Each structure stands twice: as C-alpha cells, then as structure tokens.
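Trainee: Build out the structure end to end from the sequences listed, making use of the hints.
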Amino acid sequence: MPDKQEVRIDVSDGAAIPRKRDIGLFSAWWISLIGALGCIAYLCLAKPEPYLDILKFLPDGILVTFEVTILSILLALFLGLITGLGRISKNRTINLIASTYVEVVRGIPLLVQLFYIYFALGQVFSNLPNPADVAESMAAWPGIIVYVVVGVVGFLKDMPPLVAAVTAMGVCYGAYMGEVFRAGIESIDKGQTEAARSLGFNRRQTMFLVILPQAWRTILPPVGNEFIALLKDSSLVSILAVADLLRRGREFASVTFSYFEAYTMVALIYLVITLILSKGVSAMETRLNYYVRD
Amino acid sequence: MKKLLLSLVCVLMLASVAQAKTLVFASDCTWPPMEMTDANKQCVGFGPDLVMAIAKAGGFKAEIKNTAWDGIFAGLPMGKYDAISSSVSITDERKKSMDFSDPYFEVKQGVVVKEGAAIKAEADLKGKAVGAQIGTTGFFAAKRIVGDAAKSYDEVGLAIADLANGRLDAVICDDAVAADYALTNPEYSKTLALAFLIVPEKPEYLGFAVKKGNKDALELINKGLKAVKASGEYDKIFKKWFGSN
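For the record, the sequence lines run as chains F and L. 294 is the number that my numbering gives the last residue of the first sequence; the numbers go up by one with no jumps. 539 is the number that my numbering gives the last residue of the second sequence; the numbers go up by one with no jumps.
Here are the simulated BS3-like pairs of lysine-lysine, each with C-alpha atoms no more than 30 Å apart in a straight line:
1) K484(L) with K414(L)
2) K374(L) with K47(F)
3) K506(L) with K390(L)
4) K56(F) with K420(L)
5) K232(F) with K437(L)
Residues on chain F that point at chain L, a partial pick, calculated with CB under 10 Å:
6) S126
7) I239
8) L240
9) V242
10) E251
11) A253
12) S254
13) T256
14) Y259
Hints are computed from structural coordinates only; laboratory data are not their basis. Source: prediction; values computed, not measured. Glycine included, C-beta positions come from ideal geometry on N, C-alpha and C.
Mentor: Encoded structure:
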C-alpha cells in the first residue's frame, strides 16, 4: 500500500477560500466583510436617499439571484455526476459523448451560451407544433409515449425565462462540474476498487457504495467553490431580463440616473454574499479534514 | 523665428475657432425606424437624418456615436458626447438631471402583442407578462400597469424576440417603433400586431438631451430645428421614414 496520497483540486474562479492560518480579526476576510457591511450601513444612515431606497428596491432581486444559482447548481451537479462517470467510463461511445460535451461547452463563453439557449433555441422551440396537434397526429401511438412527447413539446414551447436561464447556467457549469467529479473519483486509490471488486461488489456497487462516498470529501470543496463562481456568473442572466440583483440595480439606475449609488450597493451586496459563502466553504473544508496532513 | 511661430500658432487657433463647431450626438441605434443600424453598420433612421439636417441648417457639424441605451444618460455629464439623439422622451424626472431641446416629435406608447391575442385595452394587461426596454417611457408604463412583474430588456428587439417566442404577452414601446415591428418588419409583421396605443395623461414629446446648463449646444440645436421645420425639410424626412400617415 503506497503512502496516503495528497490530493487537492484547485478551481480558481470562485471566491478566494480563506486558508486555515488566516484566523483572527485582521484577516483579509474580516476586513472585507466588516468593510462592506460598514459601507452599506454608513451609506444608508448618512444618505438614506438614495442608498436606503436602493437597499429597499433590491431584495427580490437577491432572492432571484439565489433562485437561479441554487437551481443551476442542482442541474450542474446532476449533469456533472453523469459527465464525470462518462469521462472515466471504459465504454468508448459514452466516454466520447461526455468528453465532447465538456469540450464544446468549455469552448463557448457563458454569455454566448445564454443567448444561444434563450433566444436561438427559444425561436426554434416556439416554432414547434401545438401540443394538441401533436397529440392528434400521434393517435396511433401508445398512450404513454404520446403523453411524454406532448408534455415535452408543451414544456419546450412555453419554457419560462427562469427555466431557460437555469438550463443555460446548469449546462455550462455541468461541464466544469464533470471535471471536478472525474478528478474526485480518480483521486481514490485503485486499491479501493480492487478490494471492493474482490469482495464481490459489481462495478456499479463499487462506484456508488465505495468510491463516490469517499470521493465526496475531495469533490465537495471545489463544488462549494463552483457554487460561489456560479452565483457571481448568475449576474449574466440579467441580460435575459431575469430580474436578478444586477437587473434590479440597473432598473433603479435607469430611472434615477444614480449609477454610482446603485452599482455601489449592488457590488457591496454581491461581495457580502460571496464572502459569507466562502467562509461556509472553508468551514466545510475544515470539517472534511481536507487539509489534515499526517 | 519665434515671432513667426507665435503668429503661426495664433492663426491656427483662430482657424479652429472659425471652423464649424462639432457636436457629438449619442444614439442607441436599436430603435427602428427612429434610430437603427443598417447593413453597412451605419446608424440610420428618422433621428440621424433629422440631426444631420439640423446641423446643416444650424451651421455646425454633427457626428452620431452609437451608444448602448442603458447608461446613455450617464455619459452626458461625463462629457463623452454633447447631446443625446435617441428618441428620448421629455419627462419631468429627466429634466432634473439634463436639459432638453424643443420637442421634435410626438409619441404615444404602443402595445405590441401576438396576432389574435385577446388584449385590447390597458385592463387586459393586468397579470400578463409585459416587457419593455429598460429605462424607457414604455417600461415606466409597463411598471405602472403590472408593477414589479414588468420585465426590462437591454434592447427593445430582445423584448420583441421574447414576445414572438411566446415568453411575453405584450411589449410596450414608442408607437413608431411598435408600428415598425408589428406592421412593416418582414420577420414579425405576420405574427405580431399593434394592439392599441396607451392614452397619455399629457402629450409625450421627444427632445434632444444635453448636459444640464449647456446653453451653447441647446441654442445651436434649437436654431437648426426651427429652420428645418420652417423650410419643410422636416416634413420631407418625416415622409421618408413614416410615409404619408
């Protein structure tokens, strides 16, 4: 048995995760958080108009930002798991499909993907036939298939904006997440698989009962990091008229022309949210003994 | 030698003063047929034509600078351009932070819907998905009618695309623009319709916006506008873009 392997997946586009030694009041994290909260409080007290008005205008945007982020990360986790398993699959076809998905998605900017799924595919879907007509033309088919096809056509035809936005974000981050899962799974020592297989586990049981539960420890921190990155990138959906934090800020500024004030508040609120989340991720790391070294 | 140089500099300075003043106009060229981008990436439409005519009549040079709508007002106090010619409605709110020329066009807010939709009046819009371009009087109208559910887009074209794709029930924009999409646009005129015009509390006019206190630019523009209207040039441009109606 070789020495315990040190594995660390570094995904750098999330917020900086505080290191363990950065404790105490004078860490960069505390300075940023107290600074940001202090700025918000000071501005709202010293100049309630417009700062307090802006703060009151934004909360539903913050909710939408979280809604988009959480739904997208759930979709991304699902796609990521499938992709990660596909990438290490010995089946050549599955492997190729998963790898191609990652290549294609990673090669297209997220903003372009958003436009593509929302406006380009939206136009294609809106030209689909009416669900009722589809049901009629498929009268000869078995009931269950008709039901599924009509359901899918109806859903695609009237895809709500939020779903389109979440789909775009989820598909994009699913590719990144696939890499995280792949690296996480590959980080588990081969001996684990060999041991499980020789104990009579089949390949699926080995993956889901032995490998993945251990891989979680390596996977979770980068997933948390991706979550933060996704939350920041979710500001891109404001281009699709989804009323998130940035869009609400822009709406306020477009009426009052207080661009400085509105975007200052939007920036500070994003900062506070990501700072708190990054602390959460680092706490999770600590709990998972991520950095424990013997 | 020194004297020669000095006199040369003086002559040059005088020459530049004597030269026609150039005013830079910011236009968001995504608002057909008022301001739009043609196949040669030039900003064309009723607005640019009018600006050029005004410049000619007012004795100054005009330059159109294509500028994104969201933030177009922010560039005015920064001095990025001298004026905004972008179908800007004169509102009391805007008058607080900028000055306006004499009005050059009257608009109403038009409601574009899908062909055959059961939206005939303002009351029918309640609870519907209504979109408009951010920071336009169309968006303010949408907000007044459906509240926070009103959806703001970066460009009216994106809102129209969402309407055509079935994600919106209505789009509110200037009547000229609404008519262009619903009646003459080859892509949309078959599927979209102009449902009705919102009756305004008081008439809504478009004006050229300048930085607050910029009397020189305002004077030049107003003088030119008056001349263009008097000479019949205005009617010619109007006819070119809006036909006989």
